[in-house]
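Participant: Sequence:
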Amino acid sequence: MSARRFSWWATTLSSSSPSGFKSYWDLVDPKWKGKIVAFDPKAGGFAATRDRFFYHNLELGPPFLRRLFSEMALTLYARFPQGEDWLAAGKYSICLCRHQSISEAKTQGLPVDLIEPSSFKEGVGVETRAKTLVLMNQAPHPNAAKVFLNWFLSREGQSDFQKTGAKILDAGAEGSLRMDIPKDDIPPRNRLDPGVKYVTQWNPDYFDMKPIAKLIGEAQAEAGKR
Numbered sequence: 006m007s008a009r010r011f012s013w014w015a016t017t018l019s020s021s022s023p024s025g026f027k028s029y030w031d032l033v034d035p036k037w038k039g040k041i042v043a044f045d046p047k048a049g050g051f052a053a054t055r056d057r058f059f060y061h062n063l064e065l066g067p068p069f070l071r072r073l074f075s076e077m078a079l080t081l082y083a084r085f086p087q088g089e090d091w092l093a094a095g096k097y098s099i100c101l102c103r104h105q106s107i108s109e110a111k112t113q114g115l116p117v118d119l120i121e122p123s124s125f126k127e128g129v130g131v132e133t134r135a136k137t138l139v140l141m142n143q144a145p146h147p148n149a150a151k152v153f154l155n156w157f158l159s160r161e162g163q164s165d166f167q168k169t170g171a172k173i174l175d176a177g178a179e180g181s182l183r184m185d186i187p188k189d190d191i192p193p194r195n196r197l198d199p200g201v202k203y204v205t206q207w208n209p210d211y212f213d214m215k216p217i218a219k220l221i222g223e224a225q226a227e228a229g230k231r
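For the sequence shown, the numbering used here begins at 6 and goes up steadily by one.
Derived lysine-lysine pairs resembling PhoX-like cross-links, with alpha carbons at most 25 Å apart:
(1) K40 / K96
(2) K126 / K202
(3) K126 / K27
(4) K36 / K126
(5) K40 / K27
So the derived label-pair ranges between C-beta atoms look like this:
(6) N155 / G66: 33 to 39 Å
(7) P116 / G50: 25 to 31 Å
(8) G66 / F157: 32 to 38 Å
(9) A218 / D31: 21 to 27 Å
(10) L138 / M184: 14 to 20 Å
(11) G114 / L158: 38 to 44 Å
(12) A48 / E161: 37 to 43 Å
(13) D45 / P193: 29 to 35 Å
(14) D189 / Q143: 36 to 42 Å
I should point out that these hints are in silico values taken from the structure, not numbers from a laboratory. Ideal Cβ placement from N, Cα and C applies to all residues, glycine included.
Could you build the full structure based on these sequences and the hints that come with them?
Facilitator: Structure, rendered in structure tokens:
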């Protein structure tokens with residue numbers, strides 16, 4: 006099974022040091038009120054991944070998400086790279102956005118930087134992306150499927166999968182959850198560090214966005230009354 010780390014914090018180099026953030030709770034410090042731009046939760050996609058991590062993380066949960074959307078006067082955007090452009094221009098100090106956009110901007114020499122997700126004490130979110138493997142119920146050849154799964158999850162199968170992914174994916178291969186195989190083909194940001202706490206995001210219970218959307222809506226309504 007493969008996995009990919011994800012992160013969504015970026016800062017302008019002139020306004021805040023990436024090394025200064027040690028906890029996601031730092032994001033609701035009053036000094037950042039009105040200085041944060043974030044991808045709109047209603048736009049789905051990346052925002053859903055971000056907010057599921059916040060909501061289901063036992064060290065953050067609904068209290069953190071409520072404070073983020075009710076107290077911090079977030080500016081929301083729904084199309085890339087609007088927020089990233091505002092960040093690079095110095096209009097905002099922090100952007101809750103995709104790491105790909107910030108990596109590209111940094112490569113172009115713009116004054117932005119990513120915050121390494123492993124620096125946060127609440128852990129790093131890990132997702133499967135499109136690499137989830139499913140064994141169908143009442144399959145026509147269940148024994149054949151089991152043979153394939155056993156090989157695919159073996160050292161040989163996972164090694165081959167990593168090498169194949171490195172050749173066909175623009176972002177590079179995702180790392181296998183197996184730690185007993187070489188990671189030379191895996192980009193540094195996709196490698197899993199045994200010393201880092203990871204929070205898996207493939208729990209089926211996590212994909213219901215209704216309670217999360219309800220909480221964010223209530224928080225935004227509360228912010229509008231202030």
